[in-house]
Structures are given as C-alpha cells and as structure tokens.
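Participant: Mind docking chain B on chain A? Use the hints.
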Amino acid sequence: MVRQRTRRTFATVVALASALALATGCGVTRGPQSNNMTMLIPNSPGGGYDQTGRAAVAVMENADITGGSFEVTNVIGAGGSVAMTRLMNAEGDERTMMTAGLGVVGSLYSFAAPYKLDDATPIAQLIEDQEGVLVPADSPFKTIDDLVQAWQDDPGAVVAGGGSSPGGPDHLFPMQLATAVDVEPRELTYVPYDGGGPLTTALLGKKIDVGFSGVGEFEGQLSSGELRLLAVSGDERLKGEGISEAPTLTEAGIDLVFTNWRGVFAPPGISEERRDELIGMVEEMHETPEWQQALEDNGWIDEFKTGDEFTQFLQEQDERVATTLEELDLL
Amino acid sequence: MDNLGLLMDGFGAVLTPENLLYAAIGVLLGTFVGVLPGIGPAMAVALLLPVTYGLDPIAAFIMFAGIYYGGMYGGSTTAILLNTPGESASVMTALEGNLMARAGRAAQALATAAIGSFIAGTIGTLLVVFFAPALASVAVDIGAPSYFALMVLAMIMVTSVLGGSALRGFIALFLGLTIGLVGLDLNTGQTRLSFDQPLLAGRIDVVVVAVGIFALGEALWVAAHLRRNPAHVIPVGRPWMSGSDLKRSWGPWLRGTAYGFPFGALPAGGAEIPTFLSYITEKRIAARKGHDEFGRGAIEGVAGPEAANNASAAGTFVPLLALGLPVTATSAVMLAALQGYGIEPGPSLMTDQPELVWALLASLLIGNVLLLVLNLPLAPLWAKLLQIPRPQLYAGILFFAALGSYAANIQAFDLFLLLLLGLLGLLMRRFGLPVLPLILGVILGPLMETKLREAMALSRGEVSALWSEPLGVVIYVVVALVVVVPIVVRAVRPAAVVPAVEPSGRVEGEAADNQGNEEALR
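Chains as they are written, first to last, in my numbering: chain A, 1 to 331; chain B, 1 to 522.
It is possible that some hints are incorrect.
[Said to hold, decoys possible] A short, non-exhaustive set of chain B residues, derived as facing chain A with CB atoms under 8 Å: (1) V140; (2) G143; (3) L325; (4) A329.
Honestly, the hints are just simulated from the structure, not real lab data. The beta-carbon is built from N, C-alpha and C at its ideal position, and this holds for glycine as well.
Just chain A, with the same shape it has in the complex (with noise of 0.2 Å):
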C-alpha cells in the first residue's frame, strides 16, 4: 500500500512539473481583455521569415509597443501556404499578425491555395533583402555580362543554383533576370538547394557556375574573397567590403530590378481602427533604435511601407510573380 502511494505521488509531481514546464515553455492562456499577441512564422526557427519576425517581436516587447506579451509560433508547411491557411481561418482575430514575403506569394501559387496575399490585411513591409549573382573567385564569369554571353550561347549549359524551390525569391530573380537578357527561362539549368547554407558549400566546392540568393548570407565569404559578387538587384549598391564593387543590374544595362521582401500581415476582416493602430504600432517600432541595430545586424535594407501604398505593391508583386510562373508553365 506504501509503495503504491509513494508511486502515485511521484506520479502526481512529474505530472505537475511537466504542467508547470509547459505553461512556462508555451505561453499562458490569454483571458478576453488582455493585450498579448501572437506572431505566425511561416518556417522553420533560424529561417528568414524567423529571423525577422522574431526580432519585430522582440523590439516591439522590449519597447512595450503592445502593452502586452508577444508570444512567437512558427507554422511551418507548404512553403507558407500552411500559415497563410491559418491567419485567413483567424478572420477578424484582431491579436494575431503573420510574418511573410515575396516567398509566400510564390509558394500560395505553387501549392494552389485559394487566396493571395493581400487577401489578409496587409500591415506594412518591413525590409528587403537585395539578391546577388554568385560566382566561385576563380570562375570564368568575370562580369555579369560574361554570365550574359554565355546564357545566350547555351543557356542550359550554365549550371546555376539557388536557395528555394521553384516558385520561391532565388528561382524567380534568375528566371527573371534570363526573360531580361531574351533568354528562355525554360531552358535553363536551375538547381535548387535548401537554403542559403547548402547552396555556399556547393559554390565553394564549385558543384554549380553560379548561384542566385539574398547577399546578406554571404557576407563572409565576399569579404574573405572565396566568392565573387557579379551583379547585385535592387536599385542601389549595397555596402561592405566585397560587396560595394558589385554593380546594380541596371548599371550594367539589364533593365531589372528585383528584390525580396518580408512585411507583417493581420487577419482578415478585423475593423478599420484596429488596422490603424497596428499599422501605428508597427511605425512605432520601426523609430526605435533597436529596430535600426537589427537592421544594420542582419544586413536588411530599411524598405518601410504601410497601408495602402503597401498593398499596392503587394498587388504588382503578386503579377510579376504569377507572369514569371506562367512563363515557366508552373502554373
């Protein structure tokens, strides 16, 4: 009998304690009137959209823009499409927000989900990330314009690569950039590797000529000089040592720019005022100065847009998008 109760009590304390580790570890259950709220990640922790949600968040607690906790879910699936599911099924749920870019509207099209973007309540972009052309230092491709040349020779006998799947930011800018130059996009060689780390190892080993993907991941290996920037995507060259030398597409005569971004998102269906005040929460952060020390941290370009401005551009990008993939047949 001893025994029997000595075990139901230890049974009890596990029990108890796991409670006490996961109502520590999860996050409390929040009552009706209070200010917590939860941002949806659409990948993996460590990932891209992690990185910057998780650091909006952490500037926003910090600063008590919310006057309340920010409790953090990755939803990981379907390129996003996973997470986008789930913030348009919380319609009108005025304490939920969602971190996603140009990634996700590529991935709602990949997987067929019956919404876009801007379907949600846009709240405003927060950075851009600028993508590179890649190249080994001893690569034959000296200038963009060589990697030109030689797309227009034999278009699939380049070997390029990227970090995302078919339909995601390092696979549309390359397809992008070959429709630029009259090159088939169909016909050329695109490997795609599971993010920026896998796709560094392959262009240092020289598995591919040239790799697609945002600069930022590559910073290292600029500066040290193992990789080569050829050409960078947006409308002005970034700075950093490595870096700077690399000329805007436009410089050199492409007529292209492309950049991938990420912005925060809000339900839809949630009223006019709460939209306002957390556009204004969101500006809020975007004043801070951790906010400008996790920009100058991660290497994110401070692209600021809200509101209307900001959904009108995810309008245009969601074309750009679904043109690219039309031309691709992978719609």
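Facilitator: Relative to the frame of chain A, chain B by itself:
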C-alpha cells in the same frame, strides 16, 4: 599561439563560479524543455535563447552551451522512457532504449546515453578545436555523387535489419519509402501523393511517423491485448550501470563518435545516417560476439547511436565556425545566436575573434561536463517514471505523443495523421511487419532522391557523374565488399555454419573461421 594554449585561455575566461551557475541553469532548462514532446533541440534552443540576452557574452555562451547540450540530451530521455523520439536523430535510440526500459534497465539506458553523449561531445568538440579549418576545406569538395553513394550504402545496410522474413521487411521498407514521397518535389515544385491537402504538401515529419508507429502503435497493440495478457509489472532494476554495462558500452561510444563526427562536419551529412550506421555496426558486432541482445534491449544499441548523434552535433560546428554555414535547423538557430553575441562566423572568424571562439569552445566542453554531472544522478529518478501502473503509463504516453505531434505545429491535422500512423503501426504488429525498415525508408528515401536528382541536375543527366568523385568510388567499393564478400564466404566455407552446434573438438577451427569472418567484414 598553438590551439591548446588558446583553449586554456578560453577556460581561464570562462571558469568562474558565477559562470558555472549559469551553465548549470542552462543545462537544467535545456533538459526540461528538451524532454517536452514535440520540442527538438532547434526549438528548445530557439525558445530559451532569449533567457541568455542581457548577460555578458561569456556568461551567455556558457548558458547557451548548457541549453544546447541539455536540449539534445532531453530528446533521448523521452525516446528511451516513452518510445517517443523528439527528433529524427533519436529514432535509433528509441529502438533498443525503450526495450531496455521495459526490461527494467531504463536507468542503465539513460546512463549510457548520458556518458556516451558526454564522451562523443567532448571528443567532437576537441576535434573541432584542432581541425575545423582543415576539415571544412575538404568537406566542401564532397558533392552530391558522394552523398548518393553514402545513401546507397545505407540502403544496402537496411537489408540487414529486415527481420526474419525478407518479404515482410521489404513491404515495410517500401511503405516507408512511399510515406517519404508525400509532399512537394523540391526540383519541379509539383506535389506528390498529397491528395490536394495543403497540409500534406509539405513533407510528413519523420518524428510524427516515428511517434505514430512506435508509441501509438505500441499503445494500441498493448490495449488490444490487455485482457488476454496478464499485466506484467516492469521490474525495478538496478539504479546504476554495472561493470559489464560499462564494458559493453565503451566500444559503441567510440565507434559511434567515429561515425557521427565526420557526418556532422560534412555540410549535408546530418545525424540520421551515422546513428543508423552505428546501430547496424553494433548489431553486427554483437551478433558476431555471440551475445546478441538486439531486439530485447541491447545497451550497445543505445550507447552507439547516442554517441553518434552527439558527435554529429559537435561536428556541425566545423562548417558553422569555419565557413559560417548553418547545416541543420539547430545550427541555423545557433548562427543567429552567435551573431547576436557579436560573433560573425565565417572563414576569418578563427583569426578575427579568437578570444570569443575559444571561450565558446571552452563553454561547450564545460556545458558537456555539467550535463553529465547533473543528469547521471537523475537517470534512476527518471527510470522510476515507468513504475506507474500500465493503464496510466500508456495513457500518459498517448497524451505525450499527441501533445508532441500537436505542439510541433499547433495543427489539429497532425493529430489525425498521428492516429492514422498509429493504426498503421497496430496493423504492422498484427501482421508481423517489422517497423524499423519503415522508419528507415521514411528517413533515407527522400535523402537519397534529393542527392540523386541533384547529381543528375548538375551533370545535366550524365549518369557517369555518379562515380565522378573519389569518395563516391571508395564507398561503392565498400558497398561491393559488403554485398559480395558474405556470399563468397558462404560459398567457400559451407562448413562454417556447422561448428556452432558441436559442443567441443573444433574450437580451434571455429576461432579461425571467426577470424576469417572478421577480416571479411572489414
């Protein structure tokens, strides 16, 4: 200055009573969060990282190192006790670990896991200290063809765990390969076997498959037999490892480390393949030595994979520190953390910020020691958990399995998936299909496909590219030996099977035969 001296300086900076306290708190937090179902090391580190903000860099490092190792170890605890691995790298640990636990040897399983993790982590970290830059430059030359060859080798090895009936084994393997196909095809952006369900469009998480097949399937199986089988109480068992446990563990610890570290250091190596190779190796060695407890709870089957898992985790610091490459989800989180502490990993890290790097490496070693010190005494306590009466115990396992599958993604659909896989697990047990080949199919299938298609895309469809890398060729030679040699040995020495039955008289001949076999297997 030489690396050893620099490491000592690192220890000098790190070793203060206050820092040790931070390390201890980190280890405890990491272990407790890592034990929670559905929270693998990546999630544990991401969740607990904010705790280290606001500390000075050195204190933050050491606490972080504790969290990291604690999180890694916590995952194997649930694998052993509840048959619910928290991440794909502890799937192999669950196999023999849970069998040991149910035979009343949970404390020994946990202890061998803790000591194995410690030894592998320490050796691995020391290897990082001395060889990171050299290893990193070699590792990037290894491409898709070599990885594909490794997958071929692993696939061949799977055949040795198919169980008594090859047909049933292959059915299970192909079921696993099919489950591995579900989701988006990375190369073309098409979805496969997803039945227009957006939630199936991503891949099915190996952890959900393992928890469904192992934990849920087992619980349903037990429930189906509750009335027929008498309730057997799990024996209490000894609280500590015996001398023979130690003697049986040290070989697997070292071999596991030898498998795990290179795979971790390879940019696309991962921890699944080395844990699996370690498991197979130990099984073969045990079978050859004649005390094969595999299938009934062999301590070698826990010691080896756990060491491989941790050595691989230490190995991921090679590409992370030397190249700035995060190769796993956990190391991506760590990269972000390091950047937060003002460390910019990359080719020049070792020369630009030596104090910080050596302090970090010293912290990792100290975190590892504390993990052992704090968790070894906890092993007998954890083991007592299994004393809970069977209905409540299985209810608890079901609860944790469900919670874990749900917590990973807060998605009710995953519960449905878990249930479906649990039913599959029940049916497999009913019809005598082994579950291990299925899990291996789910793990290996997608890896193998990705590498094959990458190799083909790089060579624009030229098949000869598959044997274009020296390492790949070496592996194919090993594959050929593994396949051909046993056949030849069997053909040449038909008598080799007989002596085991004879009580005496041919001892010398038998020893010679064994030696021959050993040489052949090398």
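Participant: Evaluate each hint against the coordinates.
Facilitator: Do the hints match the structure? See the list:
1. V140: Holds, about 4 Å.
2. G143: 5 Å, holds
3. L325: 4 Å, holds
4. A329: Holds: closest Cβ of chain A sits about 5 Å from A329/B, inside 8 Å.
In the structure shown, no violation is registered for any of the earlier numbered hints.
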